[in-house]
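J.: Sequence:
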Amino acid sequence: MLGRSVIVILLTSTIVIAGIEDIAFRQQGLQNMKNNSMCKTFNQTADKRIFGGETAILGQFPYQVLIYVVSNVNDTCCKITLLSYVSDTKCGGSLIDEFWVLTAAHCFPDSFHHVELKFGVISTRWSVYEATVPSHNVKIHKGYSKSLHENDIAMIQIPEANFGLLNYPYVDVIELPGRDDNFVGINATVSGFGRTEKGKSDVLKYVDLQVMENTECSKSYSNVKILDSHVCGRSTTKTGMCFGDSGGPYAVKEHCRNIFVGIVSFGTADCESEYPDVFTRVSNYLDWINEVMKSSSQLVAINKMIFVLTLIVILY
Numbered sequence: 218m219l220g221r222s223v224i225v226i227l228l229t230s231t232i233v234i235a236g237i238e239d240i241a242f243r244q245q246g247l248q249n250m251k252n253n254s255m256c257k258t259f260n261q262t263a264d265k266r267i268f269g270g271e272t273a274i275l276g277q278f279p280y281q282v283l284i285y286v287v288s289n290v291n292d293t294c295c296k297i298t299l300l301s302y303v304s305d306t307k308c309g310g311s312l313i314d315e316f317w318v319l320t321a322a323h324c325f326p327d328s329f330h331h332v333e334l335k336f337g338v339i340s341t342r343w344s345v346y347e348a349t350v351p352s353h354n355v356k357i358h359k360g361y362s363k364s365l366h367e368n369d370i371a372m373i374q375i376p377e378a379n380f381g382l383l384n385y386p387y388v389d390v391i392e393l394p395g396r397d398d399n400f401v402g403i404n405a406t407v408s409g410f411g412r413t414e415k416g417k418s419d420v421l422k423y424v425d426l427q428v429m430e431n432t433e434c435s436k437s438y439s440n441v442k443i444l445d446s447h448v449c450g451r452s453t454t455k456t457g458m459c460f461g462d463s464g465g466p467y468a469v470k471e472h473c474r475n476i477f478v479g480i481v482s483f484g485t486a487d488c489e490s491e492y493p494d495v496f497t498r499v500s501n502y503l504d505w506i507n508e509v510m511k512s513s514s515q516l517v518a519i520n521k522m523i524f525v526l527t528l529i530v531i532l533y
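Numbering (the numbering used here), first residue to last: 218 to 533.
Among the hints, a few may not be true.
Calculated pairs, DSBU-like style, for lysine-lysine (alpha carbon to alpha carbon, straight line, at most 35 Å) [to be verified]: (1) K511 to K442; (2) K511 to K436; (3) K359 to K436; (4) K442 to K359; (5) K436 to K470; (6) K511 to K359; (7) K470 to K511; (8) K470 to K442; (9) K511 to K363; (10) K359 to K470; (11) K442 to K363; (12) K470 to K363.
FYI, nobody ran anything at the bench for these hints, they're computed from the structure.
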């Protein structure tokens, strides 16, 4: 099989947390806080087929996050700084905790001002909840390599001011996988606001892709090495991820559980291609995710302590 050239689907994402000792324990606790049942039956009847999938319905992907990156635009004439969207591009993300979103590292340019997050989304024009996150709350993997498509993962810490996010309807976390989960042979779902046959999509789309062996996936790409930290998905219907889906979730649904398989990373330039799409394998980064959460929570605690001590000094 001839290899195809690949392109990175460039886009954006970010979020902040309180303290966490163990990811699994934290996620279980959040699930127990939910009063409404997350086990719902959705109409899976196919809508109009598009490059990026089929049309989602409200509540079908409660963990889906829409991410916009906002950059600085300097006006040298008037000496003011304006904020503008980065060429109106967008990324997907996944809510893994009340205060954290997981997405792709390639979504972020070298410099940007902040990110805007939308939760409970099925349209770019409407969301259940929105949050603004400063750029320093975006944690990009230090080993990220754009050229090798390696460690293409980032976390966004949602400010504590947004406490109670999970109390909103159609907003929920996605469950992290086990360390040894590989999901080979299972159909998993990728969702995002990708391109349709008419152009960019304003509504959330999804498509099922079968998880495949990395050795088989690597045969399709002659100029990119498929790593253990990658997971591939293929379709036989010429549908798959496309521009606008970057950073979005690739997930398996088991009964009432949505389990995180991968993060949209890269694929071929042809959105209708039958070549595999490549994702960042989430199970390879459980230690990194836990470490980022812990280090951030410790920093928050230190800052709070400094604030309290400063008040004491001022008062006395």
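J.: Would you mind marking each hint as holding or not holding in the structure?
T.: We went through each hint and held it up to the structure:
Distance restraint check for K511 and K442: the Cα-Cα separation of roughly 32 Å lies within the 35 Å cut-off, and the hinted pair is therefore satisfied. This hinted pair does not check out: K511 and K436 have alpha carbons roughly 39 Å apart, beyond 35 Å. Straight-line distance between C-alpha atoms of K359 and K436 comes to about 29 Å, which keeps the hinted pair within the 35 Å bound. With a CA separation close to 20 Å, the supplied pair K442 and K359 stays within the 35 Å bound.
The hinted pair formed by K436 and K470 meets the criterion: a straight-line CA distance of about 28 Å does not exceed 35 Å. At roughly 16 Å between alpha-carbon atoms, K511 and K359 fall within 35 Å of each other, so this suggested pair holds. With a C-alpha separation of about 28 Å, the suggested pairing of K470 with K511 holds against the 35 Å cut-off. At roughly 29 Å between alpha-carbon atoms, K470 and K442 fall within 35 Å of each other, so this suggested pair holds.
Pair hint K511 plus K363 holds up; C-alpha atoms about 26 Å apart against a cutoff of 35 Å. Distance hint between K359 and K470 is fulfilled; the C-alpha atoms sit about 31 Å from each other, no more than 35 Å. For the given pair, K442 sits about 13 Å from K363 by alpha-carbon distance, which is consistent with the 35 Å threshold. The hinted pair formed by K470 and K363 meets the criterion: a straight-line CA distance of about 30 Å does not exceed 35 Å.
Comparing the model with each numbered hint stated earlier shows that hint 2 is the single one that does not hold.
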